[in-house]
Structures are given as C-alpha cells and as structure tokens.
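J.: Heads up: the sequence lines are chains H and R, in that order.
The first sequence lines up with residues 5 to 347 when you count with my numbering.
The second sequence lines up with residues 33 to 358 when you count with my numbering.
What the hints contain is simulated information worked out from the structure, not anything from laboratory work.
Check before you lean on any hint, since a few could be wrong.
[Unchecked claim] Sample of chain R residues facing chain H (criterion: CB under 8 angstroms; computed from the structure):
#	residue
1	G75
2	N113
3	L164
4	I180
5	S184
6	L192
7	A210
8	F286
9	A345
10	F348
11	M351
Idealized CB from N, CA, C, for every residue including glycine.
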Amino acid sequence: MNTLSNSVSSTKRFDRRFLLFMTMGVLLGVSSLWAMSVGSSRIPMTTIVDAMIEFDGSREHLVIWTVRLPRLLASLLVGASLAVAGAIMQAVTNNPLASPGLLGVNAGAALAVVLAIVFFGFSSSSVYIWCAFGGAMLTAILVYALGTAGPGGATPLKLALAGAVLSTFLASLTTAILIFDRDTLDTVRLWTIGSLAGRQMASVMAVVPYVFVGLVGALLAGRQIMTLSFGADVARSLGQNQTLWRLLAAGIVVLLAGSAVSLAGPIGFVGLVVPHIGRMVVGVDYRRIIPFCLVAGPLLVTTADAVLRYAFSSRDIPVGAAMALLGAPFFIYLARYRIGSGR
Amino acid sequence: MIRVMFFLAAASVALLLSALVQGDYPVSFADVTKFFTRDPSLGVEVKMIVGDLRLPRALTAFAVGAALAVAGAITQSVLRNPLAEPGLLGINSGAAFAAMVAIVSLRDVRPGLLPILAFTGAMIMALAIHILALRRGNSSMRIILIGIGLSSLAGAGANLISAFGDVDRVQRAMVWLAGSVHGSDWADVAGILVWAVPAMGLAWLARRQLDAIVFSDAIVRSLGMPIDRVRALLMLLCALLSAAAVSVAGLVGFVGLIAPHLARRLVGRGHAELLPVAGLIGGLLVMAADLIGRVVIIPAELPAGIVTALVGAPVFGWMMWRRRYV
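Assemble the whole structure, with the sequences as input and the hints as a guide.
T.: Below, the structure is given as structure tokens:
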C-alpha cells in the first residue's frame, strides 16, 4: 500500500497520521455545529452555544434541545456504529464485499418493522426502534448458528453465505408483503431508505449503552481483529482462539449494527464504504482502520445530513440516499486512483 | 458429469411439462401431447393457453435463470470472490434506476419500452464501471470497489424516486423489479436468447481462461494470456447475460449467487463442467419458482424473483446444514 512503500521515516509517518486524525476531529466538530444550525429555520452558532451552556426555555433553545440535538446525536451514533461494524465484518470474513448487513441485521430489522405495521398498526418511530432491534438480533443469531454448523466452526465463507442467503430470504418476504399492501408500503418506504427525521432524545438514549459497549469493545479488540483478518492459517499459527474471537467480533457487530438500524433504518453505504476509505488512507492495519472509521463514519453521516438540509430545507431527503449521493463519487475517485493493478 | 447433466436435463423437461399443465385453467397431459404432435382436434383455447402463454413463459423463466447462473459463475471466478453476483457489476442498480425513472417519473410509458430502457440502463452502468476501473490495466479489486460505488449511487437515485414518487406507481415499479416473467411472450423468448446464447457460447469457449483466472493475475500472464483483455471480455459477457435477463424479467436475485455454488458442489471447479451445470440449475430454479408463484395463491401471483429466494434460501440452508460434517 501507499504508506508502506513510501520511504518516509516512521516518525514523520506518525506525525502525518496524527495530523490526519486531528483534522478529521476538527472537521467533525465543525460539521456537528453546522448540522445543528441548519434546517427549516436557521439558528446562529452563538445561540447554539448559549443553549448548550445555559438553557433559557426560548423557542430556539427548545428546538435545539428537542429536535436538532437528538438528530445530531443519532447521526453521530449511526455513523460510528456502521463504519466500525463494517470494518470488523470485512476483517472477519476477509472479504471486501462484506458489510454489517451481511449478518442479516438490516433484512431482519426491516421485516420486523413491516410485520409490526401490518399486524399491529404501529406507526411511531419509537416503536420501530424496538421491533428493529429485536428483528436484527434474532436474525443475526440465526445467521451465526447456520454459519457455525459443522466442524470448521464459523469459517468466513460459511458465515458470509449463511448471511447472504438468510438476508435474501427475509428481504423477499418483506417485498412480498409490500407488493400486496399499499398502505404499509406508504408508511414504511421512507424508513427503508434510512432516515433520521423526528428522532427523539429517549430513542437515542435507549441505544447509547449498546453502541458504547460495542465501540469500546472494537477499539480494545483491534489487535485480535487484525489477526483474524490474516485468515485461519496465520491466526492459528499465532495461537489465536479463533472460535472465541470470531464470536466476540460478531457480537460487537450485532450490537453496533443493530443499534444503527433501529435508529436510522437500513443504511447500507457507510458500513461498506468507510472501511475501504480507511484502508486506502491509513493502510491495512485494523488497529488504525477502526479508529479512523470511528471518526470518518460520523463525519460522513453528519455532513451528508447537514448538506442536504441546507440545500433542500423544505423537503426532508432521507439520509441513506443523501450519503450515497455525496459519498459515492469520492469513493469512486479513491478506488480509481488508490488501488493499484494486479489485485 | 454426464449423469448430473442428464439428471438435470430430465428434471427440466419434467418441470416444463408440469408448467404447461398446471395453472388457473386446467389442461390435461393428453392436450399437451396433442399440442406437441400438432393434433388438429385440439381446442383453440387450449392451444392458445399452452402455446402463447405457458410455453413462452416457462421458456423465458428457464433462459433467465440459465443466463443469470452462468453470469454468476463467471463473476465469481473473475472477481475471485464467492459473494460476487452479477448484480455487483451495477447491472441490477442500473436497470432498477432506469425502470424506476420510466415507471414513476415518465407518464404512461409503453410496456414494450421498459425492457429496452432496462437493458440500456444496465449496459451503461456496466460500461461506466469498466471505464472508471481502467487505469493502466484493470484489476479485480478496483472493479469490485467501483461497482460498489456506482451501484450505491444509482441505488440512491432509485430510492429517492421511490420515497417521493406516487405510491401506486412505486408499487408497480416494485412488482416489475421483483423479477416477474408474468406475460412473457415469444418476443421475450427471442429477446433474451438473442443475447444469451452467443454470450454463453463465448463463455464456454473461454473456459480455460476462466480456470486460470481463478488463481491470480500472475498465473494467467505466465500462461501467455493478455489478462486485462481477458478480464474485460469476460465482464462484458457477464454484463450482456445479466442485462438480457433483467430486461425481460426484472431483478431476479439469488440465482446468480447460489446456482454456481450448487454447481460447484456437484461437479467441482473446472469451468468446462461448471458453466453448463450452473446454467441448468439456474434455469431449473427460476422455472420452478415461477411455477410455484403462479399456482400457490391463485388467482394472484408471486413474482418469480421473490419465490426464488423464498424457496431457494431454505433449500440452500438445508444443504449447508446437511453437509456440515463433510
């Protein structure tokens, strides 16, 4: 990769990486502030800071605390969870096509939400959260059980195939329902693209513990995840307990992706693309890719959400689509110029 | 190999016959034999149902499945990725985007125009991926990543339309995209065969190249083959096969992913055997799925693409489970 072939001394490389992380951190801060200020009514930055420090109950402060802040927090959580979960999935399955959705999390959540609407007529996003979380967990357990069957344990190929098969199955069930049920389609179609509109503080707070545990786990297990990504043979020769670490990694992914899908709906782009960007920017070491994802994921989601609200303040463009529209061209550019021939 | 092929072919014929007999309107086996022997005593109605509705429909389903399966086998080998499927080349999202725009945004699009639009959308996407991936030669990794990027771009476009379009039209687009061979006629059969047969023939001619490309670029090069040109040509074949399938049937997922895996379990990794067996399995899968979708909730129908996944997934899961000790 680029960083390895360069003849820069190691301290200089460290400086550059430090600078990169600092820049991204600052960018994340700026875009978060900006995301709070744009929307159907513009709120100046100073008012935002005031509201954070000293809440005075005015209408603007109320908007900040009940609408803008939950939405910002949700986008930060979703971005971080999906990007980190994607990195782990790609490491564990050793497959660049793997995404958090490969454990069946998105398909399971979507089916659970659709079933909840069809049978119980729920229509508030705070109820969706628990349906989605439950559906995601159940599916992931099923995928893991199917992928683990047999003497090899959860080999990457078996796990990936089990996930792909079960996801397709559940997604088809969902489509079959939506084809015949117009009203449910109308209710759920925004959710299925991934939207952050109207999230409440209580919903955001409900998933914070899971995301926190997942992210801390991912950061601590960076070395083991790196070892897993070398493949079964190397990992065994290094004396790693692969059954244990694959299970732990899958557990972390499920916590993170399950929380993300329940907050924002099935968003595909972040989990697939941000780890690749990380690999192209900071190299192949997952001990660096995971922290990179932790910052870059929220940066992408928050900025995409804010830009779209700035440009089309009258209409709420779902963040799932917005992100792909903004992020994909950049990603294609990186893929074209950072991936050498012969791979 | 011969035994497997014979068994699959026999199963296809049996399934084709039952597809002609089963359905809303009962037709007896005697009538079907009369149809094939051109017996003049056969009623006009039965002749119409068998000859103009059920036979072209079953054949279209078979051709779609075979094309997708062969395309899937090629994609998995060229990209060296067991999760690859033709949809990865941007075919599906390109076709889906074109169809979404046509059905939801344009007023009263003629049904005959949809396949052409979908085919064009799919081919444009495939070409765009290829051109973007081309920089001092191409690479499997770059094709995969750029495929992901462009697919999500087109997917986002389709999503936006589906989120804000008129709900009835969105639902119609969903039915079309769910992969249905409902209402296929002889023009559809001809439409897919014209592309699929030459492409499959070329793929079979390239079986040695496929056998080599599975390993690494270096091996292909050391055998004296121009790797970039081989890869570009094979990807073009894939694009043609799956665009032809998408244009007559919409998005039939899953077959392109699973049929090659099933075929590999039956006959191993050599492409001389893998390609034809995968094609037969894919054809069987979609034809069976269409038959099931047609008869299970008469008078309504389930699109073949959905049934393929609903039936195929448990079968594949069961096979994984049964072979867990092998």
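J.: Okay, which hints does this one fail, numbers in order?
T.: 1 and 11
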